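Peer 1: In order, the protein sequences belong to chains A and B. If you number the first sequence the way the numbering used here does, the last residue is 170 and the count never jumps. If you number the second sequence the way the numbering used here does, the last residue is 415 and the count never jumps.
Derived from the structure by calculation, the hints contain no laboratory data. Since this is a predicted model, take the numbers as computed values, not measurements. Errors might be hidden in some of the hints.
To be verified - For lysine-lysine, the following DSS-like pairs were computed, each having C-alpha atoms within a straight-line distance of at most 25 Å:
| hint | chain 1 | residue 1 | chain 2 | residue 2 |
| --- | --- | --- | --- | --- |
| 1 | B | Lys348 | A | Lys100 |
| 2 | B | Lys286 | A | Lys2 |
| 3 | A | Lys65 | B | Lys286 |
| 4 | B | Lys360 | A | Lys140 |
| 5 | B | Lys286 | A | Lys82 |
| 6 | A | Lys89 | B | Lys286 |
| 7 | A | Lys137 | B | Lys177 |
| 8 | B | Lys360 | A | Lys100 |
| 9 | A | Lys97 | B | Lys348 |
| 10 | B | Lys286 | A | Lys107 |
Claimed, not checked - Listing some non-contacts, in silico: residues in chain B with all C-beta distances to chain A over 12 Å:
| hint | residue |
| --- | --- |
| 11 | Tyr185 |
| 12 | Lys190 |
| 13 | Ala200 |
| 14 | Phe203 |
| 15 | Phe212 |
| 16 | Asp217 |
| 17 | Val243 |
| 18 | Leu275 |
| 19 | Phe307 |
| 20 | Ile407 |
| 21 | Glu409 |
Unchecked claim - Covered by chain B, according to a simulated footprint, are these stretches of chain A (three or more residues, beta-carbon under 8 Å):
| hint | region |
| --- | --- |
| 22 | 3 to 10 |
| 23 | 16 to 26 |
| 24 | 118 to 128 |
Quick reminder that beta carbons are idealized off the backbone N, C-alpha and C, glycines included.
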Amino acid sequence: MKPRHKRFAFIAVALAAVGLAVGLVLYALRGNVNLYFTPTQVFDKQVPKGRSFRIGGLVEKGSVKRESDGLTTNFVITDMYKEIPVVYKGILPDLFKEGKGVVAEGKMGAGGVMVAEQVLAKHDENYMPPEAADALKKAKAMEAADALKKGGAANTAETVAIPNNAPVAQ
Amino acid sequence: MTINWFKYASPTSFYGLAGKMIPWFAIPSAILFVVGMYMGFFVAPVDAQQGEFYRIMFIHVPTAILSMFFYLVMAGYAALGLIFNTRLSAMMASAIAPTGALFTLISLWTGALWGKPMWGTWWIWDARMTSQLILLFLYLGFIALHASIDEPRRADRAAALLAIVGSVNVPIIYFSVKWWNTLHQGSTIKFSGTSMQITMQHTLLTMTIACWFYAIAVVLSRVRSIILERERKTDWISELPEMRS
Numbered sequence: 001m002k003p004r005h006k007r008f009a010f011i012a013v014a015l016a017a018v019g020l021a022v023g024l025v026l027y028a029l030r031g032n033v034n035l036y037f038t039p040t041q042v043f044d045k046q047v048p049k050g051r052s053f054r055i056g057g058l059v060e061k062g063s064v065k066r067e068s069d070g071l072t073t074n075f076v077i078t079d080m081y082k083e084i085p086v087v088y089k090g091i092l093p094d095l096f097k098e099g100k101g102v103v104a105e106g107k108m109g110a111g112g113v114m115v116a117e118q119v120l121a122k123h124d125e126n127y128m129p130p131e132a133a134d135a136l137k138k139a140k141a142m143e144a145a146d147a148l149k150k151g152g153a154a155n156t157a158e159t160v161a162i163p164n165n166a167p168v169a170q
Numbered sequence: 171m172t173i174n175w176f177k178y179a180s181p182t183s184f185y186g187l188a189g190k191m192i193p194w195f196a197i198p199s200a201i202l203f204v205v206g207m208y209m210g211f212f213v214a215p216v217d218a219q220q221g222e223f224y225r226i227m228f229i230h231v232p233t234a235i236l237s238m239f240f241y242l243v244m245a246g247y248a249a250l251g252l253i254f255n256t257r258l259s260a261m262m263a264s265a266i267a268p269t270g271a272l273f274t275l276i277s278l279w280t281g282a283l284w285g286k287p288m289w290g291t292w293w294i295w296d297a298r299m300t301s302q303l304i305l306l307f308l309y310l311g312f313i314a315l316h317a318s319i320d321e322p323r324r325a326d327r328a329a330a331l332l333a334i335v336g337s338v339n340v341p342i343i344y345f346s347v348k349w350w351n352t353l354h355q356g357s358t359i360k361f362s363g364t365s366m367q368i369t370m371q372h373t374l375l376t377m378t379i380a381c382w383f384y385a386i387a388v389v390l391s392r393v394r395s396i397i398l399e400r401e402r403k404t405d406w407i408s409e410l411p412e413m414r415s
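Kindly produce the complete structure, drawing on both the sequences and the hints.
Peer 2: Following this line, the structure appears as C-alpha cells:
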C-alpha cells in the first residue's frame, strides 16, 4: 500500500465511523428531533405531562370559530385519525387556513383542549398560480361527484394528504 | 489524446488558467442574474397560497442548495489535498469556504424573512433549520481553524479533517424534512417530479445557475489571491507581468 492509499483508507474509515456515530445518536434522539407530536401520539399518551409541547396536523375543515373579542380562535387539529381542539388568543399567520398544515404550541387544558401560546402555519411544497389551484379544486370536486354517482365511498374528497410527513404513530 | 490533468494541479499553471476562466463565468452570471430577477419579479405568476411572498424563494432556494453542494465540493478538495498532498486542492478548499458561508447565511436570512409572515415566526429549532445553522458554523469553523494555525500546510491538514467530518451534516440537512416532523416544508424538486408551476421552475433554474456561476467566478478569483500569497517567495511569481510593474 502506498502512503496515499493509506491516507485514502484512513479518510474513508473515519468518515464511515463518524457517519455511523451520528446516525446512532440521531436514531436514539429521534423523538426529540421531531418538532411536534401528532394528535394520535397525544391520545397514545406519548406526550410529556404538565409541560408545553407542540401538536402538528391539519386544521379540520369547518372547525375554525372566531370569538366576539376578535382575537380568540377555536379550531381543531386533525391527523385524519384523531382530533385535538385548540384555543388560541393572538394573531394567526397568513397561511393559517382550514384544511392546511398547522403547528400549535401550548399546554393541555381542561376537557382535552390545548391552550396554545403560539400557532404556526405549515406550508406544503406545492407552488402554483391561483387559476391552476382553482382548476385543481374543480377537478377534484368533479372526481368526487363522479365517485358518488358510481356509488363509491363518499370520503374520496378527503384525499388531502398531510404535507410532508404523514403522521404515522411511532 | 490524453489530457495531462496533473498539469493543472500545480498552482503555477492553474493561476493562469483560473484568470482566463473567470470572465467565462462572471459575465454569464451577471446576465443570468438580470434575467432571473426580471422573471422572478415580473414574469412568474403569484402563488395561490402565498401571494407575492413566495418570490423570496428565487434567492432562498438557490443559495440553500448551493450552500450544501459547495460544502461537499470543499470537503472533496480537502480530501484530495490530504490524500495526494497537492497544494492546490487545499487552496481551492480555502477559497470555497467564504462563498459557502455567505450562501448559507443568505439562505438562513431569507428563510427568516419569509418565515415571519408565512409561518408566524422568524426562527424555530426544527431539524432543517438547526442543521443548516450547523452548516454555517462548520464553514466558519473551517475558516477559523485554518486562520488559527500559522504554518499553511498544517492548517490545510487540520481544516481538511474538519471539512471531511462535517460533510456528514449535508445529507442530514437534505433529508431532515423527510426523516422528522419539521415546520419546513418537504422538497418541491424531487427525482419523481416537481410540484411547481413551469415558469417558476425556469426562474428558479436561472437563478440557481446565476448563483453557481457567480460562486465559481468568485472562488477562482479568490484562489488566485491565495496562490499569490502562498507562493510569493517563488521565482515564477516574481516573473509575472503584474508583479514586475
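Peer 1: The structure should be examined with respect to each hint, and the outcome stated for every one.
Peer 2: Evaluated hints:
| no. | hint | result |
| --- | --- | --- |
| 1 | B:Lys348 / A:Lys100 | 19 Å, holds |
| 2 | B:Lys286 / A:Lys2 | 55 Å, violated |
| 3 | A:Lys65 / B:Lys286 | 24 Å, holds |
| 4 | B:Lys360 / A:Lys140 | 24 Å, holds |
| 5 | B:Lys286 / A:Lys82 | 29 Å, violated |
| 6 | A:Lys89 / B:Lys286 | 18 Å, holds |
| 7 | A:Lys137 / B:Lys177 | 60 Å, violated |
| 8 | B:Lys360 / A:Lys100 | 22 Å, holds |
| 9 | A:Lys97 / B:Lys348 | 23 Å, holds |
| 10 | B:Lys286 / A:Lys107 | 23 Å, holds |
| 11 | Tyr185 | 25 Å, holds |
| 12 | Lys190 | 30 Å, holds |
| 13 | Ala200 | 27 Å, holds |
| 14 | Phe203 | 21 Å, holds |
| 15 | Phe212 | 14 Å, holds |
| 16 | Asp217 | 5 Å, violated |
| 17 | Val243 | 16 Å, holds |
| 18 | Leu275 | 22 Å, holds |
| 19 | Phe307 | 15 Å, holds |
| 20 | Ile407 | 28 Å, holds |
| 21 | Glu409 | 32 Å, holds |
| 22 | 3 to 10 | holds (count 3) |
| 23 | 16 to 26 | holds (count 4) |
| 24 | 118 to 128 | holds (count 11) |
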